[in-house]
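These are the residues of each chain, in order.
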Amino acid sequence: MRYLFRTDYKQDTALARHGGDVFWYGLLTLAMLAIPLLMGEFYVGELGGVFIFAIAGVGLMLLVGYTGLISLGHAAFLGIGAYTNSVLLERGMPFVVTLPVAGLFTAFCGAAIGLPTLRMSGLYLAIATLAFGSIVGTVFQKWSSVTGGFDGFAVPTPTIFGIGLDGATGIYYVSLVVLIFVLWISANMLRSPMGRAMVAIRDSEVSAQSMGINLARYKAMAFAISAGMTGLAGALFAHYVRFLAPDAFDVLLSVQFVTIVFVGGLGSLHGAIFGAIFVRLLPQFIAIVRDDLPFGIGRLPGLEPSLFGLVLVLVILFQPGGINGIWQKAKHAFTAFPFKRQTSSRRQKSYAKSERLR
Amino acid sequence: MSLFEAQGISVRFGGIRAVDDVSFKVEKGEVFSIIGPNGAGKTTIFNLISRIYNATEGKLIVDGQEFTKTPPDQVARMGIARTFQNIELFPNASLLQNLLIGRHCHAKVGLLSQLAFMGSTRRAEVKHREKAEDVIAFLGLQRYRDSLIANLPYGVRKVVELGRALCIEPKLLLLDEPSSGLNVEETEGMGFWIEDIKKDLGITVIMVEHDMALVNQVSDRVMALNYGKVLAMGTPREVQTHPEVVKAYLGGELEDAA
Numbered sequence: 002m003r004y005l006f007r008t009d010y011k012q013d014t015a016l017a018r019h020g021g022d023v024f025w026y027g028l029l030t031l032a033m034l035a036i037p038l039l040m041g042e043f044y045v046g047e048l049g050g051v052f053i054f055a056i057a058g059v060g061l062m063l064l065v066g067y068t069g070l071i072s073l074g075h076a077a078f079l080g081i082g083a084y085t086n087s088v089l090l091e092r093g094m095p096f097v098v099t100l101p102v103a104g105l106f107t108a109f110c111g112a113a114i115g116l117p118t119l120r121m122s123g124l125y126l127a128i129a130t131l132a133f134g135s136i137v138g139t140v141f142q143k144w145s146s147v148t149g150g151f152d153g154f155a156v157p158t159p160t161i162f163g164i165g166l167d168g169a170t171g172i173y174y175v176s177l178v179v180l181i182f183v184l185w186i187s188a189n190m191l192r193s194p195m196g197r198a199m200v201a202i203r204d205s206e207v208s209a210q211s212m213g214i215n216l217a218r219y220k221a222m223a224f225a226i227s228a229g230m231t232g233l234a235g236a237l238f239a240h241y242v243r244f245l246a247p248d249a250f251d252v253l254l255s256v257q258f259v260t261i262v263f264v265g266g267l268g269s270l271h272g273a274i275f276g277a278i279f280v281r282l283l284p285q286f287i288a289i290v291r292d293d294l295p296f297g298i299g300r301l302p303g304l305e306p307s308l309f310g311l312v313l314v315l316v317i318l319f320q321p322g323g324i325n326g327i328w329q330k331a332k333h334a335f336t337a338f339p340f341k342r343q344t345s346s347r348r349q350k351s352y353a354k355s356e357r358l359r
Numbered sequence: 006m007s008l009f010e011a012q013g014i015s016v017r018f019g020g021i022r023a024v025d026d027v028s029f030k031v032e033k034g035e036v037f038s039i040i041g042p043n044g045a046g047k048t049t050i051f052n053l054i055s056r057i058y059n060a061t062e063g064k065l066i067v068d069g070q071e072f073t074k075t076p077p078d079q080v081a082r083m084g085i086a087r088t089f090q091n092i093e094l095f096p097n098a099s100l101l102q103n104l105l106i107g108r109h110c111h112a113k114v115g116l117l118s119q120l121a122f123m124g125s126t127r128r129a130e131v132k133h134r135e136k137a138e139d140v141i142a143f144l145g146l147q148r149y150r151d152s153l154i155a156n157l158p159y160g161v162r163k164v165v166e167l168g169r170a171l172c173i174e175p176k177l178l179l180l181d182e183p184s185s186g187l188n189v190e191e192t193e194g195m196g197f198w199i200e201d202i203k204k205d206l207g208i209t210v211i212m213v214e215h216d217m218a219l220v221n222q223v224s225d226r227v228m229a230l231n232y233g234k235v236l237a238m239g240t241p242r243e244v245q246t247h248p249e250v251v252k253a254y255l256g257g258e259l260e261d262a263a
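If you read the protein sequences in the order shown, they are chains A and B. Just remember that this note's numbering sits 1 ahead of the position in the first sequence, which is counted from 1. Just remember that this note's numbering sits 5 ahead of the position in the second sequence, which is counted from 1.
The hints are simulated quantities; they were obtained by calculation from the structure and are not laboratory data. Honestly, I wouldn't trust all of these hints.
What the hints assert, rightly or not - Here are the simulated lysine-lysine pairs, BS3-like style, with alpha carbons at most 27 Å apart:
hint, chain 1, residue 1, chain 2, residue 2
1, B, K64, B, K33
2, A, K11, B, K64
3, B, K252, A, K11
4, A, K11, B, K30
5, B, K30, B, K252
6, B, K204, B, K30
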């Protein structure tokens with residue numbers, strides 16, 4: 002078992018807590034960089050898709066897992082990012098400009114939806130963001146002079162400094178870089194006053210306020226940053242699917258994003274990654290076993306969405322920590338090896354309840 | 006000049022006057038207790054001072070500055086910290102993080118610097134950490150530093166909440182029933198903390214409390230409330246023997262029966 006002997010306050014704010022972190026995350030990054038050299042186009046493409054969903058997942062995790070606000074409209078932010086990026090590309094702007102602009106514009110949209118919904122929480126916020134999602138979907142359909150309407154439009158091939166990113170490999174690397182950037186920003190936020198303010202709002206609004214935290218400001222900021230990250234994912238998503246149509250950004254996609262954060266494990270960046278892997282791999286898994294399932298279950302329509310729903314319910318009921326919770330428990334079992342007990346990870350009941358003023 | 010002054014504050018909820026024309030002054034460096042039966046309006050006064058409720062009438066002044074209309078998140082910046090009757094900590098964060106959230110009103114680093122965790126943010130974090138460590142040392146919370154609040158016993162949480170309020174470095178500390186839910190020894194311990202806060206840190210304290218032993222131990226002056234009105238004000242001894250206060254606690258029938 003590793004015991005950290007701390008001699009400096011800076012150790013507590015460092016991104017890598019010890020040499021083991023540096024080694025394992027470094028190894029993971031190297032492996033991810035090497036994958037396109039070792040594996041086929043199909044796997045590279047699929048992994049790129051995981052990265053894109055992980056970017057959006059990290060964005061939603063900051064909102065849901067850390068600030069405690071729910072959003073059922075994140076597919077709309079993905080769509081805004083995708084359309085902004087593609088439309089600007091088509092007008093001849095370079096990809097190095099359109100990608101950040103897509104992120105910033107979506108962040109602006111996020112702040113715009115965040116501000117009027119600040120007084121809502123829980124179910125009401127879920128409904129408001131759901132409505133926002135369907136309004137944006139309608140805009141994509143009707144504003145055909147820009148979005149191409151129902152016919153959609155083919156996304157131009159992006160180039161970075163003269164190198165065309167036409168294959169899966171190009172988007173894979175860009176997505177990997179953006180994912181690392183997004184994770185770095187999130188980790189920075191979480192170790193500075195801003196991230197702590199978000200956690201404070203999640204855990205107790207009343208006392209967050211009396212600690213001097215401006216609720217409206219931080220909620221809007223959380224919405225903006227979350228939307229901005231999802232917008233970046235959207236810009237990459239456009240190149241991943243290569244053809245934009247409004248029906249790609251429906252409520253089912255929003256539910257997939259929510260599944261990412263809940264199944265991955267609320268309140269952890271690892272969880273967002275685990276969740277994205279799960280959400281991208283489940284459809285592949287269904288496709289593989291579909292033909293072998295008995296009683297023609299495999300041919301039933303709506304198998305995929307219902308499985309997502311089922312998994313979401315089961316996770317919330319039986320594994321509130323999500324995949325990250327399982328991961329943490331497994332890690333604990335290994336580090337504490339001979340001393341692991343059944344009760345070490347059992348949740349304790351708390352009888353101290355507090356009343357809310359609002 | 007008094008550190009804190011309430012001038013004729015009232016608040017109405019529908020037809021009920023929860024606080025009715027209450028005025029009091031708190032001098033710098035004193036411990037001022039508010040007592041009264043349940044529903045007398047004690048916590049409502051705290052919620053008025055921390056601006057969670059809007060006063061229907063009256064004025065609130067701290068350090069010569071009126072703050073009757075200040076937004077609730079600015080109150081901490083004016084040097085007013087509070088604790089809550091039913092512990093309002095952040096249960097899914099560690100003790101250290103809770104204390105650091107208490108430092109929020111002193112955070113002055115810009116958004117971009119925080120997003121990139123630049124040198125200015127790093128230096129500010131170390132400063133906040135030093136302050137938080139001072140509070141941990143003052144209250145003897147070292148062994149719980151990295152524990153999640155949700156895993157701490159109730160008595161420790163009460164102390165952590167006090168610590169979080171101290172991290173604000175307040176001029177005025179509002180303690181809402183610091184002894185509620187504590188056993189006799191823990192209550193005694195809380196009394197010593199309050200005395201230390203007054204003597205060593207020079208912080209003025211307003212306290213709502215039911216435990217008369219604690220009130221007697223620490224208070225310089227006491228105000229008794231009933232139905233939102235001031236019944237008596239003075240030293241602990243004066244207030245407790247005041248006929249109106251006795252009547253409010255023991256019921257009016259006593260006199261009639263006698």
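Tested hints:
For a cut-off of 27 Å, the pair hint linking K64 of chain B to K33 of chain B stands: about 19 Å separates their Cα positions. Distance check on the hinted pair: K11 of chain A and K64 of chain B sit about 45 Å apart at the alpha-carbon level, beyond 27 Å; violated. Between K252 of chain B and K11 of chain A the CA atoms are separated by roughly 59 Å; this puts the pair beyond 27 Å, and the hint is violated. A distance of roughly 44 Å separates the Cα atoms of K11 of chain A and K30 of chain B; the hinted pair therefore is violated under the 27 Å criterion.
A threshold of 27 Å between alpha carbons decides the hint, and for K30 of chain B with K252 of chain B the separation of about 25 Å falls inside it, so the pair holds. As the CA atoms of K204 of chain B and K30 of chain B are separated by approximately 20 Å, the hinted pair is consistent with the 27 Å bound.
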